Each structure stands twice: as structure tokens, then as C-alpha cells.
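If you read the sequences in order, they're chains A and B. With the first letter of the first sequence counted as 1, position 131 gets the number 130 in numbering that gives the first Met the number 0; the numbers rise by one all the way through. With the first letter of the second sequence counted as 1, position 179 gets the number 178 in numbering that gives the first Met the number 0; the numbers rise by one all the way through.
Hints listed in this document are in silico derivations from the structure and should not be mistaken for laboratory results. Accuracy of the hints is not assured; some may be wrong.
As the list claims (entries may be wrong) - Straight-line Cα separation of at most 30 Å, BS3-like style, residue types lysine-lysine; simulated pairs: (1) Lys137/A <-> Lys181/A; (2) Lys137/A <-> Lys181/B; (3) Lys6/A <-> Lys164/A; (4) Lys138/A <-> Lys191/A; (5) Lys138/A <-> Lys178/A; (6) Lys181/B <-> Lys138/A.
Said to hold, decoys possible - A few chain B residues that face chain A, going by a derived Cβ cut-off under 7 Å, partial list only: (7) Leu107; (8) Gly194; (9) Asn198; (10) Ala204; (11) Gly206; (12) Arg208; (13) Gln279.
Keep in mind it's a predicted model, so treat the numbers as computed, not measured. Don't be surprised by glycine CBs; every beta carbon is placed ideally from N, CA and C.
Residue-level listing of the chains:
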Amino acid sequence: MEDREVKICLEVRGVSKQYGKQSVLRDISFSLAEGEVLGIIGPNGAGKSTLFNIIAGWTPPARGEIFWWGENITGWPPDRRCRAGLARTFQIPQVFPEMSVLENVRMGVWFGQDRPVSASQTRDRCRLLLERVGLADKKHSRAGELSLMQQRLLELARALATEPKLLLLDEIAAGLSLKAVKELTDLILQLKEKGLTLLLTDHLLNLVMPVSDRLLALDRGVIIASGPPQALIHDPRVECAYLGTREAVGEEG
Amino acid sequence: MVKSGYSSLWLISATLALFFWPMLFPEAPLYYQVLGLACLYGTLSLAWNLYALSGAISLGHAAFFGLGAYGSALLDHHFQWPTFATVVIGPLASLGFGILWTVFFRRLRGVYLGLASLAAVEIPKVVIDNWDTLTYGSMGLTGLSKLPILSLAGRQADLGLDLKAQYYLLLVLVLATAVLVKLVMESRWGWALRGLRENETAAVAVGIRADRERAKALLGSAYLTGICGALYVHILGLVEPSLVFSLHVSALPLIFSIFGGRTRFYGPVLGALLLYPLEQLLFQPLFPRGHAGVYGVVIILTILFFPQGISVWKTAK
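Next comes chain B alone, as it looks inside the complex (with noise of 0.2 Å):
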């Protein structure tokens, strides 16, 4: 285990790595573009986790990731409202299918939970594909607006084009999201998470309210996902069912944050920033076609290695 003091001084230079590292590659669109998404994929692994904190494990979170795509898509579309009112008030369609996630998977524990976490994507997926009239269905939308231009002490950093912009909205965002997340672990509520997941028998029975407070961490989580998914489809301009509603969406937060440790507030932001640039910049070029199975192996040896995650490094007993 890293001792505490390494650890932070750890954290502090990576942060500053991450900030930094741009004006030594003042021309990498490609990096900024995949380092920015490795940020959003970070912030999504920071919430799908803050579920898990309670020890629930979703399979399911792309449900909320492509209702916050679509809240936040639809409303752009059909009232040209500004994009950051959008991201902020799509995702409460992901809040909404929360809380009736809490309602019916309230009793439903481990695979069971997985399980039916799984076919739940299905639900809001189907009705998209098929409400024609509102959301024009498997064609998705196109054409929807770019993340704005932001005006800053007298500079203006247009987030939907400048890549180097996005990528510091992204970094910041993540980083945030990381603090908050921290906070929520050092808090009550965090402890009264962690007993749930260690050991839920005890938790009830020094009092805690394990199905409420479990449902508070999942509406958060559900919350903040459905953030990642309506920044997503504004940094690409278009949405369709497949593409946000995909297995890929559910699994990835999950990958990282077993990669970086889900114990760790950083973990899942390590696994998301380490693991996802590897994937795009090292296997995509070398095996264009099944790069994405790097993940598998990946999540193999993890498992096998250090159970925890590599920011706990404990090696399997």
C-alpha cells in the first residue's frame, strides 16, 4: 500500500502533469481529443462509482448516461435552449429513471442487481428508438450544438472547436468531480456507504438506512452520469440510440474503476486517464479491429493481480 504521504505528493504532480503537459505539445489535437475524453470518461467512472461505494454494481449506467445525452440533445433540438442550461437540465431524465430504479431494484442484490441493471438500458432505449415523432428514432440527431464559445478575463476559449480549450474543461471537470467525491468519502454518509459495502448486516444493524442512503449515492451517480452523456453528444454534435444506450457506455466506468481501485476516491480517474489513452493511441493503431479487447485482458490480469485496483496495490492473497 502507498503510504499516505507519497500518495498525495502523487496526486499533486499528476495533477500538475495534467494541467502542464499542453504547452510542451502545442500542436496535438489528437492527444487533447483523447485525453479530454479519457477526462469525461473519468468523470463518468467518478460516478458510476459513487454508487458502487455502497457496493452496488451497475451494469446498467448507460441508461443514464443516454437519457442525459438525450434530455440534454432533445432540448437543444426541439427549443434551442443554451447548451449549458441543456446539460445541466437534460440529465434530470436520468434522475427521473433513477428514482425508479431505486423503487424497483431496491431489494436486488449483487448479480441480481447486475443483471437486472443490464436489461434495464434496454427500457428507455426501446422507447427511443421507437418515439419517432420527438426523438426521430434509430436515425438520431444530427446538426445539435457544439459546446459554446467562453469568455474569460477578456479571452475567449471556444470549447466546441478549440480541443485544447475542451480538454481543459474536461480536466476540470474531472478534477471537481474528484473532489467532490473525496468529500463524500471523508463524510458521514461516506462511512455509512462503505458499511453497506463492507458488511451490510452490520451496517443495519448499527442503524444505518441502508436503502436510503443507498438510494441517494444512486441518484447522484445517476445525476452526474447523465452529465457525462449530454456533454458527450454536444462534443460530437449528433446522438443516436446505439451509440449512448451502448453496452460499451455501461462497461467502461466499470473497467476503469476496478483497473484504478474503487476504494480510492482517485481510483476510477486513474484507470479512466491511464487505460483509455492506451487503448486509443497504443492498440487502436496496432489492431484496428479489436482493440477494444486490450479491456478484457486488462480487467483479466487486475483481477488476478491486484484485486483492489493498482492505486491500493495489494496483491491477491
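If we strip away everything but chain A, and leave its shape as in the complex, we get (with noise of 0.2 Å):
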């Protein structure tokens, strides 16, 4: 792979995971260079997004450690995982939805780390941001009457607003239409420049593809294949673990 000149921000060593009898993670270990973009994909039910939340501190690994520039993580809860500089987005976006966009934003500001923002920096941060993901002219709607894609643009704007140094993006393409899609992709890459490591999931592969530096491709809770994305995409066994569910196509995986 790549060469080992590169720090190592974020550590999965030998994860796994059960709901009662079902094995939904086994054995999972990668990690993760500083500004390094990595997709994990895979069919519905391969277990990214237990990965995902095992990562962020939502589901506490059965098994097997979370490190995080070096330092064990694994029994972080995720509020304290973001304060560090893990930041998430979520699925079904998850606003604060009788806030305004602005205020949504603000909260990022404030309590996304611990030390403390003052007035004029919070108001520029959250102009910025704003600007940045294009809600700019939507800064006082109230969040819960946004759309998806605004409702998704205003999440990944607050968590942009806590100062990751890593952001976890759950599925963000999923329910869009192609154009918003696109303008998604170009955002990210435009963060992507800037530096931001990334890690985002996806089970369609048209964000995810040009977007990343590297894929890991998940089929039932195993690792069947990582590599660059081309090369990875014609991988005989990720072609098989997709070519065999491609009508669940379309539901959350």
C-alpha cells in the first residue's frame, strides 16, 4: 500500500460484533493516515454502519479496540470522542429542528471542543460555514423545515463546525438525486483539499468513488477486499458480494 511515512489518526484493531446469535462484525482491523479518505462499501447488511457507530461510540465493540492517535478510545463515549475531534454525521440527518440554521451551526461552535469560542469568532466560524456548504440565504429557516439534502448540508456544517480532525460521514448520498449528489461530491473534495481526513460509507459507489484515496470493501461483518477504488471495483469477489444483492439496492444498509 501506501508508504508508512504518514501518521496513523485513527486505529480499528480486530472489532467484532453480535446481535444475539447474529454476527454482524468479525475481526475488523485498518486504519486510518491523517488526511487520507477512505469509502467502506459494501451491500445492505455487510455491517458498515455498525462499523461506523462502533467508530463514532454509539455501539460498544464486542470485541477488539478503537485508537485514536495512539490512545485507546474504545470506552469513550461520543460525545467526548467528538470534543477530540471525531466528528459524525448521521443516516436520516439529525437536526435540532426548531433551532434555525444558524443556531444548528452555532451549537457545533460551542460545545464541539473544549475550549471556549468567543462571540465574534463563533459569528465568523458559523458565516464561513455557512457560505461554505451554500445556506447561507437559509440562515434563519428553522432546520426542521429544510429539506434532505439542506437538512444533510446543515448537518455536515455542524460538524465542520466542531473543528474535526477526522469526520465520519454515514451514508450522506443516500435518498439524494444525482445533480445533489454531485454538488455533495464536489463539497467533499473541496474538504478533501483543505486536508480533512475523512471516512464515509456508502453503498452506492457514485460519491464514494471519486472521493477517495482508498476502499475497504465490507461484505457480512468481514473485510473481502481493500485497494485503490479502481482497482478494487473489479475485484472478482466485491463484483459477487454485489452483483448478488443488487435489488436490495436502495434501502439502508
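Two chains, each in its own frame: build the complex with the hints.
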């Protein structure tokens, strides 16, 4: 793979998870370098979301550990991971519905890190982020009234407001039109250029393909292949995993 | 929704009216007493709502009310401490129970928290009911000190016997608490609580410490509720378990807050000041036996027609 000069920011070591007798993840290990964009792909039920929730701290793993800059964070709650620089978005956007768009983003600025932020810094950061995601003219709208795409953008802005070192995007393209996916792709490419480390999941490939440096293919709880995007999608194991489940595409994985 | 300019005009007018109406009615002890208690219930509702700001609906605030009441009453009866000291120190019992509450109910939400909190009232009630040597059990304590005489700028106000002076004390208490709650709601902590109320998942995802912020709200709420309980027993001069640990005490702040509106700082006060006098002065003479039923009717109508409370005044979807 790539040369090992780079710094490892996230390391997943031997993570397993069962729900009852159903094994969802089996002995998953991989690491993520600073500045890298890693896409996790796989058909529905492959375990992508579970893996994601384990990394973000929402689900405890049955076995295995998560390291963040060399520190074992397996037992940390999600809010602490967020303040340590590990921000996430959700498949179904989670906004504060009665707050305005601006207030939503401000929540990220205020609570996303331990050091205090002044009022003027807060204003500037909110404005900048809303401009970056293209919601500046919506800043006084109620978040609950936004469309799905706008809520995704808002959630992205709010996650960025916490000043993450790693951003976890869970199925951010799900349910969006091709045009919207294209816009999101451009936005994510911009974030990548700024040096942000990203971890994405997607069961469709139109978003992860152009933005990822490396892909990890998951099927039935195991990593079946990993490597650069172009090489990986022609891997027969990946093709097999996908072709078998094509019809299920469109539901959440 | 009321425009904020009109809204503050209304608030100022209402506050002035609360201060000056006794000049129009110089001898109306019943009104002083009822409105004084309405102010006490307004404070209780604000205290209850402080916890509810974080999205947690408690059906067990009678536990804090009763423990504050007994804390103050026992210090008064056994040690004869000055009343203002017992009113401040007695509610530490509520605070202690609040700490247990945050430990044991940490993971409960919604209906489950409601049921657990409803049951939680029974614990201090049963203990106090049976610890005869300390509390005199279900007989309760009588002859407690009334509120003291206050000397201010050469004038004396007997807060215990002069109902008008007592009304002003309770009015100042409710207004001060309302200002405190307003400051809380505008602070970053207040926004953290609002985040937890609107979407706890999102709140945790932006780094809010859900358990810690909610626990702080509960402890503040518990202590304030305890102070209300303590004042209540010194106003009456007696205390017994069935009086201060009753379901009524848990339900009233919820009813007043929902009616007035939980998302405005003055909502709970508005609810208490409108509903309690209505119930006491209008419905009690009309229906001496079932007058509290008005609360049930009011809460059903509120939820049907303005679910956010009258201070928000949004119609149901």
C-alpha cells in the first residue's frame, strides 16, 4: 500500500460485534492516515453502519479496540470523541428542528471542543461554514423545515463547526438526486483538498468512487478486499458481493 | 406567535399589575393568600421546568418538595433554627435525593423516566411515614414557626401573619426565579439543555455531555423545589407526609408549565398565575367537591388547541 511515513490517526483493531447469535462484524482491523479519505463500501447488511457506530462511539464493540492518535478510546462516549476531533453525520439527518440553521451550526461551534470560543469567532465561523455548504441565505429558516439535502448540508456544516480532525460521513448520499450527489461530491472534494481526514460509507458508488483514496469492501461482517477505488471495484469478490444483492439497493445498509 | 416587542410590553405590564393591584384592594386577604400561593406554585413550576428544559418530564417532584418541607420542618422543630436558615438548609435533603435520582435514572427517558419518577416519591414518603421518633410519622408536625418578621428601612413586615407582606415576598421570589431561568435559558448551558430537548442524538453528536448537563438541571430543579416545599410548610405552620408528598404536588407544576408554555421562560409562571386563582376563586365556590377537575379539562384543551402552551400560541398541526 502507501508508504508508512504518514501519521496514523485512527486505528481499528480486531473489532467484532454480534447482535444475539447474529454476527455482524468479525475481526475487523484497518487504519486511517492523517489526510486520507477512506470509503467503506458493501451491500446492505454488510456491517458498515455498525462499524461506523463503533468508531463514533454509539455502539460498544463485543471485542476489539479503537485507537485515536495512539490512545485507546474504546470506552469513550460519543460526545467525548466529538470533542477530541471525531465528528460524524447520520444516515437520517439529526438536526435541532426548532432551532434556526444558524443556531444549529452555532451548537457545533460552542460544544464541539473543550476550549471556549469568543462571540466574534463564533459569528465568523458560522458565517464561513454556512457559505461553504451553501446555506447562507437559509440561515434564519427553521431546521425542521429544510429539505433532506439541505438538512444533510446543515448537518455537515454543524459537524465541521466542531473542528474535527476526522469526519465520519454515514451514507451522506442516500436518497438524494444525482444532481445533489454531484454537488455533495464537489463539496467533499473541497474538504479533502483542505486536508481533512474523511471516512465515508456508501452502498452506492457514485459518491465514494471519486472522493476516496482507498476503499474497503465489507461483506457479511468481514473485509473482503481493500485498495485503490479503480482496482477494487473490478475485484471479483466485490463484484460477487454486489451482484448478489443488487435488488436490495435503495434500502439502508 | 407573539412578536418579541409586544411580548416584553405585556410582561412589563403584567409585572406592574402584580405589584400594584393590592393598592386597589387594600383589604382582600383571600386574594392575597390565593395569589401568594399562585406565586409559590409559579416558582415550583419554574423549578420543575428547569429540568423539563432538558426534555425530561418528571412526575415525581413531590419527592423534592416533601424533602425540602421536612428538612426545614425538622430543623425548626428539633433545633429551633431561624426560619430563613431552615428554608435554605432544609432543601439540601432534596439535593441529596436529586443526586440519587441522577445516578439511578441516568439512562431512563420519556415514559420510563415518568413512571420511575412517579414511584420515586414513595421512597422518602414511606421513610418519613415510619420514622416516628424523628418525624412523628403520619401525624406530622404542627406548630412550626411561621415566616419571620422582616425589618426593612424602619418598617416592619410580618411575613407570617400579614398576608399582603407574604404575597410580596412570594411575588419577589417568583420574579427572581423567572429572571434566573431566563438567564439560564440564554446561557450556553441553556442551549445545551435545549439541544438535549430537541434532539438528544444530535446534541451528543456535537459534543454535549448529556448526563452531566441534565444532572445539573435536575439538581438545580430539586433544590429550588425543596425551597418551595420549605416555604410552604412555614406558611401553613404544619407538615404531614400525605400533604407534601401528594400526587397533586407533582402534577401541578406540570399542568401549569404545559398550560403556560414550557419553552418560554415566563410560561410556567403565567400558567400558575392564571390557573391557580381560577381554580381557587371561581371553581372552588362553584364545585366544592370536584373543583380540581378543572385542571384535567384545561390540560386536555391545551394539548388539543395549543400544544406548545398559551405563551407560544401556535395552533395544533
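Between the alpha carbons of Lys138/A and Lys178/A, is the straight-line distance 30 Å or under? Roughly 23 Å separates the two Cα atoms, so the pair holds.
Can the restraint linking Lys138/A and Lys191/A be considered satisfied, given a maximum Cα separation of 30 Å? Measuring from Cα to Cα gives roughly 25 Å; hence the hint holds.
Does the closest beta carbon of chain A sit nearer than 7 Å to the beta carbon of Leu107/B? With a minimum Cβ separation of about 17 Å from chain A (threshold 7 Å), the hint on Leu107/B is violated.
Would you check the hint for Lys137/A and Lys181/A, treating anything up to 30 Å between C-alpha atoms as holding? Since the Cα atoms of Lys137/A and Lys181/A sit roughly 21 Å apart, the hinted pair holds (cutoff 30 Å).
At a threshold of 7 Å, is the proposed contact between Ala204/B and chain A supported by beta-carbon distances? Hint holds; Ala204/B Cβ to chain A Cβ min 6 Å, cut 7 Å.
Taken at face value, is the distance from the CA of Lys181/B to the CA of Lys137/A at most 30 Å? holds, 27 Å
For the pair supplied as a hint, Lys181/B and Lys138/A, confirm whether the alpha-carbon distance does not exceed 30 Å. holds, 24 Å
Please check whether Arg208/B passes as an interface residue: C-beta within 7 Å of a C-beta belonging to chain A. With a minimum Cβ separation of about 5 Å from chain A (threshold 7 Å), the hint on Arg208/B holds.
Can the restraint linking Lys6/A and Lys164/A be considered satisfied, given a maximum Cα separation of 30 Å? Status holds; Cα separation ~13 Å.
Tell me if the interface restraint on Gly206/B is satisfied: Cβ within less than 7 Å of some Cβ in chain A. holds, 4 Å
With a cut-off of 7 Å, does the beta carbon of Asn198/B approach a beta carbon of chain A closely enough for the hint to hold? With a minimum Cβ separation of about 5 Å from chain A (threshold 7 Å), the hint on Asn198/B holds.
Was the hint right that Gln279/B lines chain A, CB cutoff 7 Å? violated, 34 Å
Comparing the model with each earlier hint shows violations of hints 7, 13; every other hint is respected.
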